[in-house]
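Work the whole structure out from these sequences, hints included.
Quick mapping for you: the protein sequence lines, in order, are chains A and B.
With our numbering applied, the first sequence corresponds to residues 1 to 115, in that order.
With our numbering applied, the second sequence corresponds to residues 1 to 112, in that order.
Keep in mind the hints are simulated off the structure, nothing from the lab.
Note that the structure is a prediction, hence the values are computed from the model and not measured.
Every residue gets a Cβ at the ideal spot worked out from N, C-alpha and C, and that includes glycine.
Worth double-checking, as some hints may not be accurate.
Here are the simulated lysine to aspartate or glutamate pairs, DMTMM-like style, with alpha carbons at most 20 Å apart [stated by the list, open to error]: (1) B:Lys99 to A:Asp56; (2) B:Lys54 to A:Glu103; (3) A:Lys83 to A:Glu14; (4) A:Lys78 to A:Glu14; (5) B:Lys3 to B:Glu107; (6) A:Lys44 to A:Asp63; (7) A:Lys15 to A:Glu85; (8) B:Lys54 to B:Glu17; (9) A:Lys62 to A:Glu85; (10) A:Lys44 to B:Glu107; (11) B:Lys99 to A:Glu103; (12) B:Lys99 to A:Asp57; (13) B:Lys54 to B:Asp67; (14) B:Lys52 to A:Asp100; (15) B:Lys54 to A:Asp100; (16) B:Lys3 to A:Asp57; (17) B:Lys3 to A:Asp56; (18) A:Lys11 to A:Glu85; (19) B:Lys99 to A:Asp100; (20) B:Lys52 to A:Glu103.
Quick list of the computed label-pair ranges, beta carbon to beta carbon [as the list claims (entries may be wrong)]: (21) B:Ala66 to A:Arg9: 42 to 50 Å; (22) A:Gly97 to B:Asn26: 20 to 28 Å; (23) A:Ala5 to B:Ala66: 37 to 45 Å; (24) A:Ile38 to B:Gln96: 25 to 33 Å; (25) B:Gln96 to A:Ser27: 22 to 30 Å.
Stretch-level coverage of chain B by chain A, calculated; a stretch enters the list once three of its residues show a Cβ under 8 Å from a Cβ in chain A [said to hold, decoys possible]: (26) 41-47; (27) 85-97; (28) 103-112.
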Amino acid sequence: EAGVAQSPRYKIIEKRQSVAFWCNPISGHATLYWYQQILGQGPKLLIQFQNNGVVDDSQLPKDRFSAERLKGVDSTLKIQPAKLEDSAVYLCASSAGRADSYEQYFGPGTRLTVT
Amino acid sequence: LAKTTQPISMDSYEGQEVNITCSHNNIATNDYITWYQQFPSQGPRFIIQGYKTKVTNEVASLFIPADRKSSTLSLPRVSLSDTAVYYCLVGGPYNQGGKLIFGQGTELSVKP
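So, in structure tokens, the structure goes:
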């Protein structure tokens, strides 16, 4: 079974530029998550999709971050414009979507450096 | 929100049992407790999940007392390859207002 795919693996941009990350979840997984993980910290949930609908985006900085999950499969996360404090690893995860299970499968992440 | 607290680091030796505790004093009724393992440059990997009492699988056990204000991940007979960061995640169903909150992580170092 293929895992969660993410691209790119690494990205370096200057502040005020824009960047986009792509995620392909495990086939058939209804729930998709985007996390931000700053060095030395635990992952912070940015947005959670159930199929193609947003169920939690309470910690997404909506003035600069946006995400979509078209057709309930792939997802993209965009930052525009980027700030220095956005330097982090962006993790995508998916799960089967059962209400009583938090067994998430994580991708390898995209390491973003903003200079 | 259920804020979680874990020890920053722990040391152990090969073959020992390791217990990592996570405090979550304001856990909600519908919240579950899940533990993840993370190696450098990789995404977290699911270890175990529980709601109350004790859960055991092929790699770990999870102990949750009756008040559910803490949980303990138990790793039996650790090896060098268990050196990693361990996170507890507390959260409940999104359709019941649940939020997913990761702890700060415990860096476990296993020595020969």
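Each hint tested on the structure:
1. B:Lys99 to A:Asp56: 8 Å, holds
2. B:Lys54 to A:Glu103: At roughly 17 Å apart (the allowed maximum being 20 Å), A:Glu103 and B:Lys54 satisfy the hint.
3. A:Lys83 to A:Glu14: Between A:Lys83 and A:Glu14 the Cα gap is close to 8 Å, so the pair holds against 20 Å.
4. A:Lys78 to A:Glu14: Given pair A:Lys78, A:Glu14 holds - Cα atoms ~15 Å apart, limit 20 Å.
5. B:Lys3 to B:Glu107: 19 Å, holds
6. A:Lys44 to A:Asp63: 18 Å, holds
7. A:Lys15 to A:Glu85: 9 Å, holds
8. B:Lys54 to B:Glu17: It holds: about 16 Å lies between the C-alpha atoms, which stays within 20 Å.
9. A:Lys62 to A:Glu85: With a Cα-Cα distance of about 15 Å, the restraint between A:Lys62 and A:Glu85 holds, given a limit of 20 Å.
10. A:Lys44 to B:Glu107: 18 Å, holds
11. B:Lys99 to A:Glu103: 15 Å, holds
12. B:Lys99 to A:Asp57: Answer holds: B:Lys99 to A:Asp57 is near 10 Å, not above 20 Å.
13. B:Lys54 to B:Asp67: Given that 20 Å is the threshold and the Cα spacing comes to 13 Å, the pair holds.
14. B:Lys52 to A:Asp100: With Cα atoms ~13 Å apart, B:Lys52 and A:Asp100 stay inside 20 Å; holds.
15. B:Lys54 to A:Asp100: 16 Å, holds
16. B:Lys3 to A:Asp57: 18 Å, holds
17. B:Lys3 to A:Asp56: Measuring from Cα to Cα gives roughly 18 Å; hence the hint holds.
18. A:Lys11 to A:Glu85: 15 Å, holds
19. B:Lys99 to A:Asp100: 13 Å, holds
20. B:Lys52 to A:Glu103: This hinted pair holds, its Cα atoms lying about 17 Å apart.
21. B:Ala66 to A:Arg9: 42 to 50 Å: With Cβ atoms ~45 Å apart, the hint holds.
22. A:Gly97 to B:Asn26: 20 to 28 Å: 26 Å, holds
23. A:Ala5 to B:Ala66: 37 to 45 Å: 42 Å, holds
24. A:Ile38 to B:Gln96: 25 to 33 Å: 29 Å, holds
25. B:Gln96 to A:Ser27: 22 to 30 Å: Given range 22 to 30 Å: holds, Cβ gap about 27 Å.
26. 41-47: holds (count 6)
27. 85-97: Check passed, 6 qualifying residues.
28. 103-112: This one holds; 3 residues, not fewer than the three required, reach chain A with a Cβ under 8 Å.
In summary, the structure agrees with every hint in the numbered list given earlier.
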